[in-house]
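Please take these sequences and the hints and turn them into a complete structure.
Listed in order, the protein sequences are those of chains V and W. Its first residue numbered 13, the first sequence is counted upward by one per residue in the numbering used here. Its first residue numbered 304, the second sequence is counted upward by one per residue in the numbering used here.
Hints in this document: simulated from the structure, not taken from any laboratory. Just so it is clear, CB atoms sit at the ideal spot from N, CA and C, and this is done for glycine as well. Keep in mind that the hints are not guaranteed to be accurate.
[Said to hold, decoys possible] Computed far set for chain W versus chain V, every beta-carbon distance over 12 Å: (1) M304; (2) L307; (3) T330; (4) L347; (5) R353; (6) D380; (7) R381; (8) L384; (9) Y386; (10) R389; (11) E392; (12) F394.
[Claimed, not checked] Within a straight-line C-alpha distance of at most 27 Å, the following computed BS3-like cross-link-like pairs (lysine-lysine) qualify: (13) K83(V) to K70(V); (14) K378(W) to K70(V); (15) K395(W) to K83(V); (16) K89(V) to K378(W).
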Amino acid sequence: MAAPLRAAKWLRLAGGGPGLALTRSAFFARKRTYDQPNWFGVGLAFTTSAALWAFLFKQHNEDVMEYERRKQERHHKCTGCS
Amino acid sequence: MPFLPDEARSLPPPPLVNKGSVWLGLTGWLAALLDNGFAQRPVLRAGVHRQILFITVGWFTGYFLVKRAEYVHAKLDRELLDYVRRHPEDFKEAVLPFLCLVIRIWCFYFIPCSVDPESTY
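Here it is in structure tokens:
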């Protein structure tokens, strides 16, 4: 188990490619700082929430009106125009 | 397969405050609180914009899921009742189960109750 690992490490170092420090370039972990609010994120979140609520209210009202309209239509069809 | 066919609009829409919306809204809020917890931020006071967004997304999803569920149930009921109507020979007059009768007699004669037993069915 240890011998293949040592061999791999030797191959990596001897290859002359990027040094060890750059082999982890995909995984930068930075410490988040919360002293400044992320105004872009906050604005985006509130805008999206407001848009979703507006769409939901609009959709619900449209559904209610459509249901009432179809009920009236059905009533007229069944009883005839009174 | 549409998510909500046109005939679903003939059904009364669910109220804006319904089981699915409230439950998924709460799960969204919990997800935001968990995110705060994992990121080592103050759990309730931090990221209020995130909490509101997650609650909104949950509420939104819940509303449409409940609408679809009600449509599916209504469709099944319609098909079931249609079948019952088309095959009356398989569904003779239902005889009151004996236990129901016993309970009705018990409630009416032995336990004074304000409910009129005739109005229960």
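* Asked: Going straight from one Cα to the other, do K83(V) and K70(V) come out at no more than 27 Å?
  -> holds (20 Å)
* Asked: Is the nearest CB of chain V more than 12 Å from the CB of M304(W)?
  -> holds (20 Å)
* Please confirm whether E392(W) is truly not at the interface, meaning its C-beta sits more than 12 Å away from all C-beta atoms of chain V. => Label holds. Min Cβ-Cβ 28 Å, cutoff 12 Å.
* Compute the least Cβ-Cβ separation between F394(W) and chain V, then decide whether it is above 12 Å. => The claim holds: F394(W) sits with its nearest Cβ about 25 Å from chain V, beyond 12 Å.
* **Distal placement of L384(W) relative to chain V, Cβ over 12 Å** => holds (17 Å)
* Asked: Is the nearest CB of chain V more than 12 Å from the CB of R353(W)?
  -> violated (6 Å)
* Confirm or reject the statement that D380(W) sits farther than 12 Å, beta carbon to beta carbon, from all of chain V. => Check passes; 17 Å lies beyond 12 Å.
* Compute the least Cβ-Cβ separation between R381(W) and chain V, then decide whether it is above 12 Å. => At about 14 Å from chain V, R381(W) clears the 12 Å cut-off, so the statement holds.
* Is it true that the CA of K378(W) sits at most 27 Å from the CA of K70(V)? -> Holds, at roughly 25 Å.
* To do: With a cut-off of 27 Å on the C-alpha distance, tell me whether K395(W) and K83(V) pass.
  => Roughly 32 Å separates the two Cα atoms, so the pair is violated.
* Asked: Has the given pair, K89(V) with K378(W), been kept, meaning a C-alpha gap of at most 27 Å?
  -> Status holds; Cα separation ~22 Å.
* Asked: So is T330(W) really clear of chain V, every C-beta pair being over 12 Å apart?
  -> holds (16 Å)
Of the numbered hints stated above, those contradicted by the structure are hints 2, 5, 15, listed in ascending order.
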